[in-house]
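Trainee: With the hints as constraints, model all of the structure from the sequences given.
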Amino acid sequence: MNDIVVSLPLAFYFDTKTPVPIPEIIKSLDGLDKLAKSLPRFFTELSGAKIDGVELKVERIETGSLKENFECLLMFLTEAEKEKFKVWLQGTKMGTGLRYVACAGVVAAALTMVAVGAVAAYDSFTGGNTPSIQANNNTIINIGADALSVSEDQLKKAIDAALSKDKKKAVAAAMNFIAPAGTENGGTLYAGDKGAELNVSVEMARDTPQAPDFKVKDQVLAYERVPVSIRALDRDKEDTGWWVVLPTISAEKRLRMTFADDADTAKAKTESEIVADVLVTYSQDFSQGTLVPKGVEIQKIY
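Per our numbering, the sequence shown runs over residues 6 to 307.
Hints are computed from structural coordinates only; laboratory data are not their basis. There could be a bad hint or two in this list.
Claimed, not checked - So the derived label-pair ranges between C-beta atoms look like this:
no., residue 1, residue 2, range
1, Glu229, Glu189, 28 to 36 angstroms
2, Pro298, Lys272, 19 to 27 angstroms
3, Glu257, Glu64, 50 to 58 angstroms
4, Gln215, Glu76, 25 to 33 angstroms
The C-beta atom is built at its ideal place from N, Cα and C for all residues, glycine as well.
Mentor: In structure tokens:
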């Protein structure tokens with residue numbers, strides 16, 4: 006293993022009413038381990054230091070209300086990158102003096118921010134905009150930015166960077182990690198000890214789905230008087246064989262085209278460039294956070 010490392014302790018406290026069953030603990034720990042893979046991107050974005058890898062080790066698990074203690078190893082390719090990270094860390098509010106080696110610390114804070122950010126992003130994607138989830142995310146951003154001595158925009162960029170490699174897996178991992186807090190006998194999940202400011206509220210945990218559903222969701226948007234370049238057509242059929250490019254909407258991608266039932270198609274059969282009112286169907290790409298055009302229906306040709 007790379008011996009150029011920074012070792013940081015961290016802890017989480019699930020304020021549950023009853024002991025957590027072993028299968029739930031294992032599932033939560035697996036989610037946390039997978040979520041930890043995002044830490045190098047998170048800390049690199051904030052510190053500027055290139056982090057080569059990460060390893061999370063369990064030190065102790067206490068039952069009752071579930072208390073988990075870990076050691077996080079951040080690995081670097083050079084001593085210079087390691088030093089750059091340590092200088093950044095000790096310059097943050099949370100890292101002032103010896104606070105960054107205190108139980109919980111910046112790693113637990115970072116993992117909480119990324120977990121909540123992942124669930125909030127999924128909640129927005131599905132159109133839920135669940136108050137408990139969005140409010141918890143806003144609180145985490147506010148408190149986290151202050152703790153790490155960065156602006157809220159900088160912290161959001163770090164969370165986006167953390168989720169940039171495989172957002173879908175990160176969401177599933179985050180949901181598994183916080184799941185024990187959302188059960189019937191669950192409670193708030195604290196980054197560190199009970200009462201810590203950075204936490205996942207029991208309300209958010211209970212409103213978080215047990216697993217994500219990434220089935221493609223379509224959205225239809227209407228546009229008026231847009232240029233349409235016809236690239237392929239079938240004069241004998243109006244429901245198949247037509248492909249177009251919309252220069253002002255999707256200049257790089259050919260889209261399958263159909264006609265509305267009451268559309269006059271005569272001009273489209275004789276001219277390759279037309280102006281029309283159209284309906285464009287988009288699929289939502291969760292990983293990229295964008296709408297991807299997939300088809301167009303001509304409503305009216307001018």
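Trainee: Take the hints in turn and mark each one as holding or not.
Mentor: To see whether the hints hold, each was checked on the structure:
| no. | hint | verdict |
| --- | --- | --- |
| 1 | Glu229 to Glu189: 28 to 36 angstroms | violated, 52 angstroms |
| 2 | Pro298 to Lys272: 19 to 27 angstroms | holds, 23 angstroms |
| 3 | Glu257 to Glu64: 50 to 58 angstroms | holds, 51 angstroms |
| 4 | Gln215 to Glu76: 25 to 33 angstroms | holds, 29 angstroms |
Consistency note: the structure conflicts with earlier hint 1 alone.
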